[in-house]
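Novice: Sequence:
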Amino acid sequence: MLAMNSPYARELTVAIGALQKASQLSQSIVSDKDKGAIEKDDLSPVTVADFAVQALLTATIKNAFPEDKVVGEEDASDLRQNSVLRERTYLLGQLYAINMALLVDGEQTVGIVGAPNLSIDAKAPLKNEDVDPTGNGCIFFAVKGHGAYIRPLRSDQPRKLPLHSTNDISLVTSTTVDSALSGIHEIVASCLNTPYPGNDLLPWVLRWAVLAMGIGNTTVWVYKRRDRYAKAWDHVGAMLLFEETGGKITDVHGKKIDLTAGRKMSANFGFVAARDGHERVLEVVREVLTEQGKEEFLK
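Numbering of the sequence shown is given in our numbering, commencing with residue 1125 and proceeding in unit increments.
Think of the hints as simulated: they come from the structure by calculation, not from any bench. No false leads were mixed into what you were given.
Cβ-Cβ distance ranges computed for the label pairs, FRET-style:
(1) Asn1129 to Thr1300: 37 to 43 Å
(2) Cys1315 to Arg1352: 19 to 25 Å
(3) Glu1403 to Val1195: 29 to 35 Å
(4) Ala1179 to Gly1386: 20 to 26 Å
(5) Gly1141 to Lys1418: 41 to 47 Å
(6) Leu1216 to Lys1284: 30 to 36 Å
(7) Ala1183 to Arg1212: 23 to 29 Å
(8) Ala1248 to Gly1386: 31 to 37 Å
Just so it is clear, CB atoms sit at the ideal spot from N, CA and C, and this is done for glycine as well.
With the hints as extra help, turn the sequences into a complete structure.
Specialist: This is the structure we're talking about:
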C-alpha cells in the first residue's frame, strides 16, 4: 500500500493505533447512560469523552514523537467551547468523528480520521442518524501525494479511495447548525440544479470524509458573520482526504486555505469545495451573494 510505504508510515501506524483506542473509549462512554455531560451557556454538550480522547491522543503522539508540537484545544475552558466530540450527534448515538493531522511547514501532510459508527459501505443520501448497522465503524487516512484510503476500524484491510469524477453535483452540508448565512446555501443549490441539502451531516470532519468516499462531491459554507472563522481541528487533515481524491478546496474568495494562521483559520472565510467544476461552484456562490445584497461577505 503506497501510503504505508511513504516516509510517514510510522506516523500513520501510531495514529491509527491511537484512533482505534480513542474510538473504543468514546464508544464505551457514549453507551453509558451517564456520559458526564457538561452544558455551556449555548447548550452545546461537552462530555468526559472529550477530555479523555484529547489526553489519550496527545500522550500517544508525545510519547512516539517527543519533538513534535501538538496543537489542539488548550485547556478545559477551550474544550468546552471547541470539543473533539462536542456535536450533539455524539450524545445522541449518531455519526461523529475523531480527527488527527500532521502539518509540516504549514501544509497538510498526513490526515487520519476515525469514524467509530460510520459504515465503510455507507451510501448517499447520508444523514446524522445513519449509523453503521454492524457497529464496526471505519478509519480514513491520507498522505499528501500518496492518495487516500479507508479501512475497517478494527481490521487492517485498507482500500484506496478512487478519484471520483461526475458531471452531477451532489452536496454535503448541514441544516442543523446556526453558523450559516441564512438562505444562501439553498439558493446556491438551486442555481447548481442539485437537491438541497443532499447529504446532511453536522460534524465537519465527517463532511470531508464522506466527500472523499464519493458520497457527494461538493460543499459550500458561508458563515453568517464576516468575522466568523473556521476552527482548525474541524478541518485540518480531514480536508486532505478530499484533496487526495481529486477535490479542490478554497474559501469563498477563491483563496487557497492557509493553515499557518493558527487555531482560528482567520486567513480565510468560509469554504467552497468541489471535485469537478470548482470554478463554476465558486462563481455561483459569489453571484448569489451579490444578488442577495451580501457583497460585504466578498470583501
